[in-house]
Every structure is written in structure tokens, then in C-alpha cells.
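Engineer: Since the structure of chain A is already known, use the hints to place chains B and C on it.
Chains A, B and C supply the protein sequences, listed in that same order.
Throughout the first sequence, residue numbering follows the working numbering, covering 1293 to 1432 in sequence.
Throughout the second sequence, residue numbering follows the working numbering, covering 1293 to 1432 in sequence.
Throughout the third sequence, residue numbering follows the working numbering, covering 1293 to 1432 in sequence.
You may find that some hints are simply not true.
Pairs involving identical chains hold if they fit within one copy or between any two copies, as the list cannot separate such chains.
Claimed, not checked - Listed next, the in silico DSS-like pairs over lysine-lysine satisfying Cα-Cα at most 30 Å (straight line):
{"#": "1", "residue 1": "Lys1372", "residue 2": "Lys1294"}
{"#": "2", "residue 1": "Lys1424", "residue 2": "Lys1303"}
{"#": "3", "residue 1": "Lys1318", "residue 2": "Lys1303"}
{"#": "4", "residue 1": "Lys1402", "residue 2": "Lys1372"}
{"#": "5", "residue 1": "Lys1318", "residue 2": "Lys1424"}
{"#": "6", "residue 1": "Lys1372", "residue 2": "Lys1298"}
{"#": "7", "residue 1": "Lys1402", "residue 2": "Lys1424"}
Hint data in this document are derived by calculation from the structure and do not stem from the laboratory.
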Amino acid sequence: MKFFQKEIKLKARSRGFHIVTDEIEKHLQELQEINAGILQVFIKHTSAGITINENADPTVLEDFESHFNEMVPENMPYYKHTQEGPDDMPAHIKASLLGNSLQIPVTRGKLNLGTWQGIYLAEHRNNGGARKLVLSLYGV
Amino acid sequence: MKFFQKEIKLKARSRGFHIVTDEIEKHLQELQEINAGILQVFIKHTSAGITINENADPTVLEDFESHFNEMVPENMPYYKHTQEGPDDMPAHIKASLLGNSLQIPVTRGKLNLGTWQGIYLAEHRNNGGARKLVLSLYGV
Amino acid sequence: MKFFQKEIKLKARSRGFHIVTDEIEKHLQELQEINAGILQVFIKHTSAGITINENADPTVLEDFESHFNEMVPENMPYYKHTQEGPDDMPAHIKASLLGNSLQIPVTRGKLNLGTWQGIYLAEHRNNGGARKLVLSLYGV
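The following block holds chain A by itself, in its conformation from the complex:
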């Protein structure tokens, strides 16, 4: 059993959903050493999330942003945590709805994603900055 771990930083992105599969994979030259395993992607933040979804049509990314803003609106009258701006508390809730880690099977040296699957960074802040990920790769 092999175990690799590293911390990387994704470049800063605007608020919204972004495909980051390539940016993550370029840090994973160790993938070729794994015949069967798991890649874990962990985001070290509480106002951005990661998820896997459709990698082909850019309007899917836009519709995700529109609907997340509908499901978790800014300025709800019951929000008490408001001192970091109207985008902050919704960002926390959205981050937990998507979750902060992905586990992806690795098979014969490659991420074993479905044809239409890509890794999304969900940037929920207006100015989130660069986001730190911990990548853990293990298997045989």
C-alpha cells in the first residue's frame, strides 16, 4: 500500500462554480504508481466547497450558482453572523451542503471518473482568494 499526500493552492477564482480537474491532476504525477486506489481531495476552507458534476456545458456551472443563491439567499432576516458581509453566512451553508471532501477511485493510474464527471470548485465568496487543498492518494 502506497500513501502520498501534498498540499496545493488553487488559483483565486470569481464567485461561482469552476471546473478544476486539470489544475488538480497536474499535481498528481504519482497517480501512475497506483493500480487501484483512492484520491481524496480536501478543501481547508469553510466558505467554498468541492463537488463533482457535469464537465461539458458551461451553463451547468451558471445554473448551479443561480440555484444555490435561490436555496441559500443573502440577507435572510434570521442571520446573526453578518459582520463579514452578506455573502459570508450563505457561503458557510453552501459549503456544508456540497461538502468539503471528495473521494475518487483511481484505477490503472487514472482517476476513474464517469465520462461526464469533472471536479468543481464552488467559490461562494465574492473575493475568496486562493484556496488550499490537501490531496491524499493511496492504494496498491
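Structural biologist: For chains B and C alone, coordinates are given in the frame of chain A:
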């Protein structure tokens, strides 16, 4: 440390939530070789999800479907990704809300689920077809 | 590769979101044996969830509870699973939205969480009682 991995196909199901624990376990004869470990279940699709919830009362499954349709309705005016039908974009969003992988502890050769826990396939398309899963099982 | 697994019980908490990082870590003296690895936290229940979010301002916890009650209200007319009380079916849905497992990287003997990240127990029942977790810790 042992590591097993295989790809399986779940039979096609109607739109809604379905308990698939048994259909998954019948592919896992290797479970008995693991004293302490993890089963990872990964769904290779972007319009169906998997989750763990109540395994006893079938109305729970129906209420999940009703509420997911309420939280993520079809035909929202802001959807741009509409060419694959009104059930498609909501299916993508629902899939990410539930997530596309499960990690379940394995203890003394069995899934260490709580008494009331079962594995759900959440089929969000009207005609989703058979769904592919990657099962990764590892431990000592 | 080392693999540790144990079952623990969190003390009973009131309905709402609670930071439980310390209560979990005190069971993890084996952390110091792991240089690079993963901690998996699995909750064996279908009406409470676990997630990772902001560990500093208690009003974030309150806002989570308020918004989850807004997104998944009690007494929706379409709920059929009502015999265990009005808080039960929403609790099931909320639990699946957050998910029932966390995977956290372990680096040089410590949970590799971001500065502002803590582990939340999301208790969705009015009287949920003590909640059982399975902790699986593995790595090199």
C-alpha cells in the same frame, strides 16, 4: 492492508429514491476478508446520487423525492441548461447536494451501518438507465 | 500502513449544530502514530449529520439551524412519514444533505484542518440522545 476494487452496474430504476444495500452487498464477498476497513461506493454519474438513510419505512423514500422536487424544482426561469429536458438540470443539482460517494466502515467482515441505515440510490432522471458504481474495499 | 478503528458515543445534545472536534480528538491518541493519513468519521444514525464548518463564532451554528429549518420545514403537506413526530422526516432529509461521514487528512500526527474548520454534529431531532460514531484512522 488489502485493497479490492470493482465496477458494477445497478439495474435501472424509476425516478425516486431506492434502497440498494442488498444489490451492492451481493458483489462484496471480499468483505469477509476485512477485519477493520472502509467500503467506498462511488457513482460515475452526474444526475443520480447516493446517500444513506432510513431503511424501514417506504414512505421515507417517497418524502425524500417530494422534498427534493420542492427544493430543486424543474423549470426555474433562470435555468439555461435545458436542452436535455426539464428533469436534467435539477438532477445535476440534486446529485451534488447528496454527493457522489459513500464511505462506510467495515468491521469484522460486515458493513458497520447503524440499525436503521440503508444505502439509497437517488435516481433523479425520468429515464436514468442502469447506473455504474465503483466499489473500493480496503483494510486489514 | 496502519489501520485503527473504534466506536465512540457523543454525549446527547439539544437540537441544533454543535462543535465536537475536541470530543472526537480525545479518543484519537493513535493520531501521533500517523505521519500521513486519513481520519474517517461515520455517524450511525439517519436523523443527525456531521459536517465541517466555522469554529469561531457561535452565531454561525445558530444560523445553520435557522436556515436548515427554512430549507427543510416541518409539517410539509406532502410528508407521509409523520408517525415519529414533526421533527423526524425533516431530520432524515437534513442528515442526507450534510452527509453521514467526514474524511479529514492527517499530517504529522494531527488533523490537517484549516484554521477556521471545526467538526459539527448536526442534531436534527428534538431528543436525539447520545449519537454513535465509528472512527477509522489509517495511514503511514
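Engineer: Check the structure against each numbered hint from earlier and tell me which ones fail, lowest number first.
Structural biologist: Going through the list in order, the structure violates hints 1, 4, 6 and respects the others.
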